[in-house]
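Residue numbers (this note's numbering), protein chains in the order written: chain F, 1 to 587; chain C, 588 to 693.
In short, the hints are calculated from the structure, not lab data.
For each residue, glycine too, the CB sits at the ideal point set by N, CA and C.
Among the hints, erroneous ones may be present.
Pair by pair, the computed Cβ-Cβ distance ranges are [claimed, not checked]:
id, chain 1, residue 1, chain 2, residue 2, range
1, C, Leu613, F, Glu450, 53 to 59 Å
2, C, Asn607, F, Ile551, 21 to 27 Å
3, F, Leu120, C, Gly634, 58 to 64 Å
4, F, Pro64, C, Leu613, 35 to 41 Å
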Amino acid sequence: MDPQVTVIIGAGPAGLTAAYELSKLKRPTLVLEEQNMVGGLARTESYKGFYFDLGGHRFFTKAPAVESMWREVLGADFLRRPRLSRIYYNRRFFYYPLKPLNALIGLGLGRSLLIGLSYLRWQLFPHRREETFEQWVTNRFGKRLFETFFKAYTEKVWGLSCAELRAEWAAQRIRGLSLKTALISMFAKPKQTIKTLIEEFHYPRLGPGMMWQAVKNHIERDGSGVRLNCQVIAIRRNDNHIESVVISHDGRLEVIPGSAFVSSIPVNEFILKLDPPPPADVIQAAKSLRYRGLLVVCLIINDAHLFPDNWIYIHDPEVRVGRIQNYKNWSPDMVPDSSKTSLGMEYFCTPGDGLWNLSDADLIGLGKSELERIGLALAVKVEDAQVIRVPHAYPIYDAGYSDHVALIRRFLDGLENFQTIGRNGLHRYNNQDHAMMTGLLAARNLALGERNDLWSVNTESEYHEEALLEDTAVEEALARVFTKLDRIAFALALGTVAGATLFLATLFLVIRGGDGVVRILQLLRQYFPGYRVTPVGSVIGFVYAFASAFIGGWLFAFLRNAAMFFYMAWLERKAQRGLMRRIFDFL
Amino acid sequence: MIDERKELEKIILTRLVRLNAKIHGLVTGIVLGLGLFIATNWLVLKGGKSVGRHLSLLGQFFIGYRVSFLGSFIGFFYGFICGFTVGYSIAWMYNWIADLRNRKAQ
């Protein structure tokens with residue numbers, strides 16, 4: 001074993017991207033993966049020729065490096081697919097993002113009227129404090145709409161009551177729900193970009209696993225290694241230097257030395273595998289981090305066409321399924337036989353809870369019965385099924401997580417030859433592209449000596465498609481346009497210039513003479529008693545013009561600032577409502 | 588994102604706008620120049636016994652200006668110069684006073 005090798009733990013998007021980048025930079029790597037396939041959370045499981053994507057991974061990014069890697073690796077297999085995802089509620093489909101007319105027809109006139117009245121009531125008398133997700137949404141849409149379209153699904157995903165979910169969490173997840181977005185929308189309406197994200201997306205022909213298998217092949221061609229079925233047992237360190245990883249492979253223990261180590265496994269697992277263990281408070285922080293799991297009940301149905309959506313959000317609180325993927329609509333090649341349909345019934349749960357502990361047979365039974373109950377297909381048409389369990393699907397942002405992560409981060413920053421990457425490595429709700437960025441930057445830190453801060457990936461960059469301009473340019477432009485006009489300064493400036501103008505005009509006429517214009521200018525006496533076209537009159541004129549323009553200027557600046565404030569508030573509210581209509585993309 | 592939002596709000600609510608004196612001058616100049624140009628030509632096209640009796644009084648200030656087609660160009664020139672001076676002066680003075688007040692406040 002080459003002791004100069006970089007050992008990467010985890011062959012998900014982050015780990016494989018790091019290895020891919022390092023292999024391009026001619027640095028040997030060894031990737032260790034616990035599963036029997038690569039891809040991590042973005043792997044694609046196959047069963048009897050059917051491909052199942054865990055969670056549904058749309059490929060879109062604002063990072064050019066990630067986009068170019070996708071294109072480089074996938075080539076012609078990088079498909080552009082139309083998107084349709086609707087909400088299924090009360091045996092009806094609702095467009096997603098919500099469309100008012102469609103919702104009105106679907107819910108019926110009486111219910112829509114009640115929703116409208118509830119909206120008005122909450123607009124007039126909102127919650128004074130927006131501390132919970134429930135209050136936050138209610139203030140924007142009314143209680144009834146919240147209960148109809150937001151409550152059930154959000155609670156299914158997080159397993160928490162909306163009254164317990166913090167409002168800050170909603171604001172954090174809904175990227176782009178910012179004042180900046182609202183203000184930019186005033187200047188530009190990038191409909192083309194919105195259309196691209198809402199109506200279309202890119203996707204590998206055989207699911208995201210195809211991408212990661214191709215990356216694995218590339219890495220191996222370049223002389224580096226990817227070892228599957230390797231479970232990390234311990235990570236040995238000498239003070240702040242990691243020396244080796246102990247793995248279990250085929251029942252045998254093996255020690256893998258390396259010069260540098262990169263890990264994308266859940267950061268709490270990493271901490272708990274360290275030998276010698278870190279300080280007790282770090283261990284306690286690691287044990288406090290929590291994850292939401294995902295169960296995918298994969299059903300093969302003897303029916304060519306069930307529904308046209310890529311996926312459906314199931315809001316019906318009577319069933320436990322949260323989302324249903326229809327894989328042939330993601331890519332036709334995801335099914336080997338076009339007369340059949342493969343579905344992924346997604347159940348959000350917590351590892352160890354009642355749902356998680358159900359046997360595969362019970363879960364398949366549940367999936368089949370719920371599919372029939374919501375009226376999408378008959379249970380008898382299901383001809384085969386399997387269950388996939390993802391224990392660490394979503395890091396949970398609970399009340400204490402940020403303190404725990406900060407403590408762990410301080411400890412990890414002290415390890416001189418180690419970097420943690422990826423969604424679970426950073427305990428951050430990153431999408432695939434952000435996870436890849438952390439891998440890419442980690443590789444550059446190692447090979448090129450760069451000092452990229454991996455913890456800051458996805459804290460600054462935006463998902464909101466309205467961001468078209470450079471950040472600094474945007475802030476500069478916004479600051480110029482929307483900042484307050486100094487009332488006194490503006491009044492003084494206007495007064496001085498107006499006073500000086502009348503003063504000079506009067507003096508000019510006094511010196512030059514000329515009856516006609518003198519008569520006309522003297523008409524100002526109607527407003528300015530005592531004013532005349534004389535040397536003294538020019539001074540009186542200055543005082544009058546200064547005073548009038550001062551008052552006018554002050555009033556203008558005051559009204560302009562007030563109007564701008566109300567306009568900003570209105571824009572922000574409008575942007576929030578617009579983004580809330582698409583909230584389920586962000587959960 | 589919340590931090591970024593607060594930061595932007597802070598900028599918008601606490602910072603004072605600075606006016607670009609040149610642009611302010613240019614815009615005021617164009618508006619005034621065009622205004623006089625159009626007003627002059629309007630009267631020329633309208634015609635009548637005594638064309639632009641009142642407007643021609645501007646000739647007292649703007650030497651060479653008359654209510655005629657040629658005069659409209661001269662008027663545009665004068666209007667632009669005056670407008671630019673007024674607009675520029677207001678913006679320059681505003682920035683100067685705002686800076687002064689801001690420094691004092693700090």
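Status of each hint after checking the structure:
For the pair Leu613 of chain C and Glu450 of chain F, the supplied restraint of 53 to 59 Å is violated, since their beta-carbon distance comes to about 45 Å. About 25 Å separates the C-beta atoms of Asn607 of chain C and Ile551 of chain F, a value consistent with the hinted range of 21 to 27 Å. Between Leu120 of chain F and Gly634 of chain C the beta carbons are some 60 Å apart, a value that agrees with the proposed interval 58 to 64 Å. Restraint check, Pro64 of chain F to Leu613 of chain C: a C-beta distance of roughly 38 Å satisfies the suggested window 35 to 41 Å.
Checked against the numbered hints above, the structure breaks only hint 1 and satisfies the rest.
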